[in-house]
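Visitor: Spelled out from the first residue to the last, the chains are:
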Amino acid sequence: MVDVALNDGELAHAEARFRALRIRARWRRRILPVVGIAGFVGFWAALVYVLKVPPFVAPSPVAVLQKLLDEFPKLMANLGPTAVESISGFALGNLTAILIATVFVHKKSLEDAFFPIVVLINTVPVVAKAPILVLLLGNGMEPKIAIAALICFFPTLVNMVRGLESVNPQALELMRVLSASKAEVFFKLRLQNSLPYLFSALKIAASTAVIGAIVGEWIGSTAGIGALIIQSMYAFDSAMLYATVVVGSTFSVLFFLTITLIERVLVRWKPAVGT
Amino acid sequence: MPVLAHSTAIDCRDLTVRFITERRTVTALERVSFTVDRGGFLALLGPSGCGKSTLLRVIADLVPPTTGTVSVLGGKPEEARRQRALGFVFQDAALLPWRTALQNVELPLEVGGGAERLPKGAPTPRELLRLVGLDGWEASFPHELSGGMRQRVAIARALVSAPRILLMDEPFGALDEITRDRLNEELRRIWQDVQTTILFVTHSIYESLFLGEQVLVLAANPGRVKNIIATNLPKARHLSIRETEPFMRLAADLRRTLGS
Numbered sequence: 001m002v003d004v005a006l007n008d009g010e011l012a013h014a015e016a017r018f019r020a021l022r023i024r025a026r027w028r029r030r031i032l033p034v035v036g037i038a039g040f041v042g043f044w045a046a047l048v049y050v051l052k053v054p055p056f057v058a059p060s061p062v063a064v065l066q067k068l069l070d071e072f073p074k075l076m077a078n079l080g081p082t083a084v085e086s087i088s089g090f091a092l093g094n095l096t097a098i099l100i101a102t103v104f105v106h107k108k109s110l111e112d113a114f115f116p117i118v119v120l121i122n123t124v125p126v127v128a129k130a131p132i133l134v135l136l137l138g139n140g141m142e143p144k145i146a147i148a149a150l151i152c153f154f155p156t157l158v159n160m161v162r163g164l165e166s167v168n169p170q171a172l173e174l175m176r177v178l179s180a181s182k183a184e185v186f187f188k189l190r191l192q193n194s195l196p197y198l199f200s201a202l203k204i205a206a207s208t209a210v211i212g213a214i215v216g217e218w219i220g221s222t223a224g225i226g227a228l229i230i231q232s233m234y235a236f237d238s239a240m241l242y243a244t245v246v247v248g249s250t251f252s253v254l255f256f257l258t259i260t261l262i263e264r265v266l267v268r269w270k271p272a273v274g275t
Numbered sequence: 276m277p278v279l280a281h282s283t284a285i286d287c288r289d290l291t292v293r294f295i296t297e298r299r300t301v302t303a304l305e306r307v308s309f310t311v312d313r314g315g316f317l318a319l320l321g322p323s324g325c326g327k328s329t330l331l332r333v334i335a336d337l338v339p340p341t342t343g344t345v346s347v348l349g350g351k352p353e354e355a356r357r358q359r360a361l362g363f364v365f366q367d368a369a370l371l372p373w374r375t376a377l378q379n380v381e382l383p384l385e386v387g388g389g390a391e392r393l394p395k396g397a398p399t400p401r402e403l404l405r406l407v408g409l410d411g412w413e414a415s416f417p418h419e420l421s422g423g424m425r426q427r428v429a430i431a432r433a434l435v436s437a438p439r440i441l442l443m444d445e446p447f448g449a450l451d452e453i454t455r456d457r458l459n460e461e462l463r464r465i466w467q468d469v470q471t472t473i474l475f476v477t478h479s480i481y482e483s484l485f486l487g488e489q490v491l492v493l494a495a496n497p498g499r500v501k502n503i504i505a506t507n508l509p510k511a512r513h514l515s516i517r518e519t520e521p522f523m524r525l526a527a528d529l530r531r532t533l534g535s
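Protein chains in written order, with the numbering used here: chain A, 1 to 275; chain B, 276 to 535.
If you are wondering where the hints come from, they were derived from the structure by calculation, not from laboratory data. It cannot be assumed that every hint is accurate.
One-sided and incomplete, this derived list gives chain A residues near chain B with beta-carbon spacing under 7 Å [what the hints assert, rightly or not]: (1) T102; (2) A171; (3) L172; (4) E173; (5) V177; (6) W269.
Glycine is no exception: its CB is placed at the ideal position from the N, C-alpha and C atoms.
I would like the entire structure built from these sequences, with the hints used as guidance.
Guide: Below, the structure is given as structure tokens:
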């Protein structure tokens, strides 16, 4: 018989080593992205300084930061409308998609009739949809909300239909053996099953809704992140342009993170492997 | 040979099931006849493609018969299903991944008016989880359970509506042999505890003999009855029964029947 058991001292030592390694790995995961971003900004600053890039072509990161601080109230005042447009568009587009997906799953003939139209509308690029909607809906927030909604709609519809349909066939048989009603099958089985699919679409929609609102603001608007981008470009105010972009994408990231957090609360389970 | 209706759980006569596909018509079952008494334990043994699963699905009103009749508890399969007299355990556990073990067992009570139809004194979901040996796992999600534990949850879920007939479609087929042996023993015990009728599909000779009071042997292409035997083994069984002479003789018989 070979005795390979560690004594208490050795075991404690091995455990401590393992823990130290894990902590180091965790810190590496946190620090490396920060190092990457800092390196990128440093490289940008050096490039602007060494090549003596004029401020109307590209600003140094320091000038952008200065602009962010100086013009903070103006930037926030313009973020307001963009935020309202993208969040309303997000809500409108996704709710419509969820409702239509529910109808499609229950009435296959409606899906066959109307899905091609949905695909057709989706093939029109956003920049082409925007003028059409401005003509239809005027110059206020409505066309921007509509563009944000349209841009969210398609991925959510496709994913939601898939999520509602890709139910384990044996679970469906189980519901039949239990004589469950259509509503029970929908709420107890299909809707729950669709949540992971829905959230992967919502996470995409969170960032595309902001893009939709900004593109909408490019066409005939005096307020919002999109309008500010156009104004700074025409004024050759590159620092302001960059600062506006930073504000817009920060909002986008926060929107995305909020959806991710909601997903973590609602979807506590792991989808079955291979389905 | 008429059988008294009240003592018969399932009466299958000249059952034929054909599936029509675009390319050809497949005969899954051809003129299958057999009966199962109430409280019986019938093992359905046969090679893949002999229509064992189809047979269970006809009884559960999931597949309509093409010709022939199936009477379940003296009525149509649909009536039995609507009265919630049937429990079904599937090949893969088919648990809902967003529900805990306990919530999965509770599902049949939440749909199809399950709670109202429950007979008085029926075991609660918690008691059933204890019966299948999952005490303390109530709050675990399916992905946290092993394959054997998931099938135990599925069995508890099938038992929660106090079914008079339990249909099991190769429930232990995907499990390792050690887990499978243990669950076989437990299923015998559960059958004696809850006193229900069980139809159990398998393609293992040993499993069919150990579990069943009767074994129905099916042949494939098309699925038809080859033989039906009563095992006449003692009611209280331990796995070691598989090493006894009568068991081995029956196993050899079954193997010959399957091979011929």
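Visitor: Indicate, hint by hint, whether the structure satisfies it.
Guide: Do the hints match the structure? See the list:
For A/T102, the interface hint is violated, since its Cβ never comes within 7 Å of a Cβ in chain B; the closest pair sits about 18 Å apart. With a least beta-carbon distance of about 5 Å to chain B, the hint placing A/A171 at the interface is held under the 7 Å criterion. Hint status for A/L172: violated, given a least beta-carbon distance of 9 Å to chain B, over 7 Å. With a least beta-carbon distance of about 6 Å to chain B, the hint placing A/E173 at the interface is held under the 7 Å criterion.
A least Cβ separation of about 5 Å between A/V177 and chain B falls short of the 7 Å threshold, and the interface hint therefore holds. This hint holds: A/W269 has a C-beta 4 Å from the nearest C-beta of chain B, less than the 7 Å allowed.
Comparing the model with each numbered hint stated earlier shows that hints 1 and 3 do not hold.
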